[in-house]
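So you can see what is in the structure, the chains are spelled out below.
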Amino acid sequence: MASAAARIKETAGRKKPERKVRILIGKPGLDGHDRGAKIIARALRDAGFEVIYTGLHQTPEMIANAASQEDVDGIGLSILSGAHNSLLPRIVARLRDKKMGDVVVFGGGIIPDDDIPKLKKKGVDRVFTPGTTLQEIVDYVRERVRPRK
Amino acid sequence: MYDRKKVRKISEDKRRWETETLARVLSRSPERQSRFSTVSDEEIAALYSPDIMEEFDYGKQLSFPGEYPYTRGVQPTMYRGRLWTMRQFAGYGSAEDTNARFKFLLAQGQTGLSTAFHFPTLMGYDSDSPRAKGEVGKCGVAIDSLKDMEILFEGIPLDKVTTSMTINGPAAMIFAMYLAVAEKQGVPFDKLGGTIQNDILKEYIAQHAWVFPPDPSMRIITDIIAYCSDFVPKWNTISISGYHIREAGSTAVQELAFTIADGIAYVQAGIDAGVPVDKFAPRLSYFFNAHVDFFEEIAKYRAARRMWARIMKERFKARDENSWKLRFHTQTAGCTLTAQQPMNNVVRVALQALAAVLGGTQSLHTNSMDETLALPTEHAATIALRTQQIIAEESGAANSIDPMGGSFLVEKLTDEMEEKAMAYIAKIDAMGGMVNAVKRGYPQREIADAAFHFQRLVDAGAKKIVGVNCYEMQEEVPIPLLKIDEAVEKRQVARTREVRRKRNSKKVTSCLDALKEASLSNANLMPLLLDAAREYATLGEICDALRETMGTYTDPAMF
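If you read the protein sequences in the order shown, they are chains A and B.
My numbering puts the first residue of the first sequence at 1, with every later residue one more than the last.
My numbering puts the first residue of the second sequence at 1001, with every later residue one more than the last.
Okay, chain A solo, but in the shape it has when bound:
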């Protein structure tokens, strides 16, 4: 690990140090299956992202509000209740209402393959299906999510 002094030196050359990427992990809907959401929140935190977890039973409005208050760059949504076709597009719409349409929205859970193209069309950037490794998700976030201006 680089020493603190070395890190200061490293960032001193830049005009503005890039802030940490902020990710909101959200649990929309009424289902209580938070095993995946919590594991992914931990993995992203361990990978150096700043992670905020909404907790369970969130409405689309609650998630969009949290995203705006926390000024996040990406949102990971975990849903296992079968209500993804209704809830995920509503979250994207609420974000657009708040002029946060550039926030990267991704998701996972029990989502049949057939539903994925529809969700992508409605603004969900990526849907992870069961069996995805934590590393794949970390790599995706690292590559795809940048601090918003």
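No wet-lab data here; the hints were simulated from the structure.
Only a predicted model underlies this, so the values are computations on that prediction, with no experimental measurement involved.
Be careful, since some hints might not be right.
To be verified - Lysine-lysine pairs mimicking DSSO-like chemistry, simulated, CA-CA at most 27 Å apart:
no., chain 1, residue 1, chain 2, residue 2
1, A, 120, B, 1133
2, A, 121, B, 1490
3, B, 1133, A, 118
4, A, 120, B, 1483
5, A, 118, A, 98
6, B, 1234, A, 98
7, B, 1490, A, 122
8, A, 121, B, 1133
9, B, 1234, B, 1191
10, A, 122, B, 1483
11, B, 1427, B, 1412
12, B, 1483, A, 121
13, A, 122, B, 1133
14, B, 1490, A, 120
15, B, 1133, A, 99
16, B, 1133, B, 1160
17, B, 1483, A, 118
18, A, 118, B, 1490
Fit chain B to the given chain A structure using the hints.
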């Protein structure tokens, strides 16, 4: 149990075997792994032999089926007398849809019903609540009022079947609706058999469908216990559930420990509410997971029976033998099923179901192969039921009682499981019991840690999942999935609104007012909930009324 001299001789022989026979082979070809462990990551030795049983006391540790401490089974005849109840969890769409699935399953030889409610019902919201949008009928059946409950059990005589209902936060309200249906069918309450899950502690710990905070929720539970012990004596008032704890990622020991600790909390609450222990304890039942590690699971069920018997007899001084017996339902582990190569799930379920049977379960749900993708199709649900029937009728597993008893491995695992779970229980006791432990987030954090640890092992390839991190296939063969018609929501909302129009709203209001008032006193809420159900007060209205006086609960969102 064994002659000490002979056991010592066996120990010596074992050491000789290790240094001569085994070592010779290991020097040429080492074992496949440096360490072997269960799915819970408990280390397993290469060989178990009689030396582990030197101190083993057969009468104390095992005894006979139907006798204390019931390690070998709660009934003297077990499956030679009657097979376990084949009880497939079912519920989707509208009450009509689920009623049809119930009748189909009964026609296929299923012997009990088990109801899955959709999330709005589980959380105490009506289908027309803004919180329910997109969720109606998706993960279970939509029940808003007595009207839906009447349709759900239409043509199913409630004195002829036993019904299990997976309902917790609003268990008392849904149970009241069930009682009201029984009245309409002319079935007296003392003829009703079945179970409400009604295990709120594991909701805070793992499953997360709650309505009220912990303390008022515990009060409602004791109201149900007291009411049933007087009026619905054959009803199982709580199904103390480890299933969801395990699904949330716990180890086998954690599942066992936290579930029994929940049981201890309920017994204590019943006693504190003034109900004599032997009046309600025989109607408590358990619900465990059947996970993928075969021997660990069998040991878990055996340890659970022995622990509960000892706790009830020694800690709570119960005198009725029926208070000592841990009867349990089992469901195979949903979280072990894979979306990849889904047909393989049939095999996983068969192995898990066999472990439950060898562990002496009283009833069993076998998952369908398509459940990582959607609710089961009729075809997939039929194969799941047939899996149980093959175990029962063809495998021979039901011929002899506790056939794994005496296995050096299984006895050792059973002892270790009990010892480790009791250590957890001592820790929880030191926190002031499970209600306090839950408020502190203790079991929640232990489970999250275990879940994370396991995922790391899978990602590192240290734990293998066929089709996921080994033996993968590029081209997957898709299987047909059940789709819930979006029109279900519209129809359900319309029905509930019609119920509200047609009923006597003055009576409903006075029922709800009476409930609120009673909730501020020590009065038992059950009779008032029954009144409200009879008048077609909706679940959401009843819960809203009580939310005013009892408060709400939000997820502490720890990770």
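Consistency of the hints with the structure:
1. Of the supplied pair hints, the one linking residue 120 of chain A and residue 1133 of chain B holds, its CA atoms being roughly 21 Å apart against a limit of 27 Å.
2. For the suggested pair residue 121 of chain A and residue 1490 of chain B, the alpha carbons sit about 25 Å apart, so the restraint of at most 27 Å is met.
3. With a C-alpha separation of about 19 Å, the suggested pair residue 1133 of chain B and residue 118 of chain A falls inside the 27 Å cut-off, and the hint holds.
4. A distance of roughly 20 Å separates the Cα atoms of residue 120 of chain A and residue 1483 of chain B; the hinted pair therefore holds under the 27 Å criterion.
5. Taken as a hint, the residue 118 of chain A and residue 98 of chain A pair is honoured in the structure, with Cα atoms around 23 Å apart against an allowance of 27 Å.
6. Pair hint residue 1234 of chain B plus residue 98 of chain A does not hold up; C-alpha atoms about 56 Å apart against a cutoff of 27 Å.
7. Restraint check for residue 1490 of chain B and residue 122 of chain A: the C-alpha separation of about 23 Å stays at or below 27 Å, so the hint holds.
8. Pair hint residue 121 of chain A plus residue 1133 of chain B holds up; C-alpha atoms about 21 Å apart against a cutoff of 27 Å.
9. Taking the CA atoms of residue 1234 of chain B and residue 1191 of chain B, the gap is about 7 Å. The hint holds against a cut of 27 Å.
10. Simply put, residue 122 of chain A and residue 1483 of chain B have alpha-carbon atoms about 20 Å apart, close enough for the 27 Å limit, and the pair holds.
11. With a C-alpha separation of about 23 Å, the suggested pair residue 1427 of chain B and residue 1412 of chain B falls inside the 27 Å cut-off, and the hint holds.
12. Our distance criterion of 27 Å between C-alpha atoms is met by residue 1483 of chain B and residue 121 of chain A, whose separation comes to about 20 Å.
13. At roughly 18 Å between alpha-carbon atoms, residue 122 of chain A and residue 1133 of chain B fall within 27 Å of each other, so this suggested pair holds.
14. In summary, the hint linking residue 1490 of chain B to residue 120 of chain A is supported, as the alpha carbons are separated by about 26 Å, within the 27 Å threshold.
15. Distance check on the hinted pair: residue 1133 of chain B and residue 99 of chain A sit about 24 Å apart at the alpha-carbon level, within 27 Å; holds.
16. Among the hinted pairs, residue 1133 of chain B with residue 1160 of chain B is inconsistent with the structure: their alpha-carbon atoms are about 36 Å apart, more than 27 Å.
17. At roughly 15 Å between alpha-carbon atoms, residue 1483 of chain B and residue 118 of chain A fall within 27 Å of each other, so this suggested pair holds.
18. A threshold of 27 Å between alpha carbons decides the hint, and for residue 118 of chain A with residue 1490 of chain B the separation of about 22 Å falls inside it, so the pair holds.
In the structure shown, a violation is registered for the earlier hints numbered 6 and 16, in ascending order.
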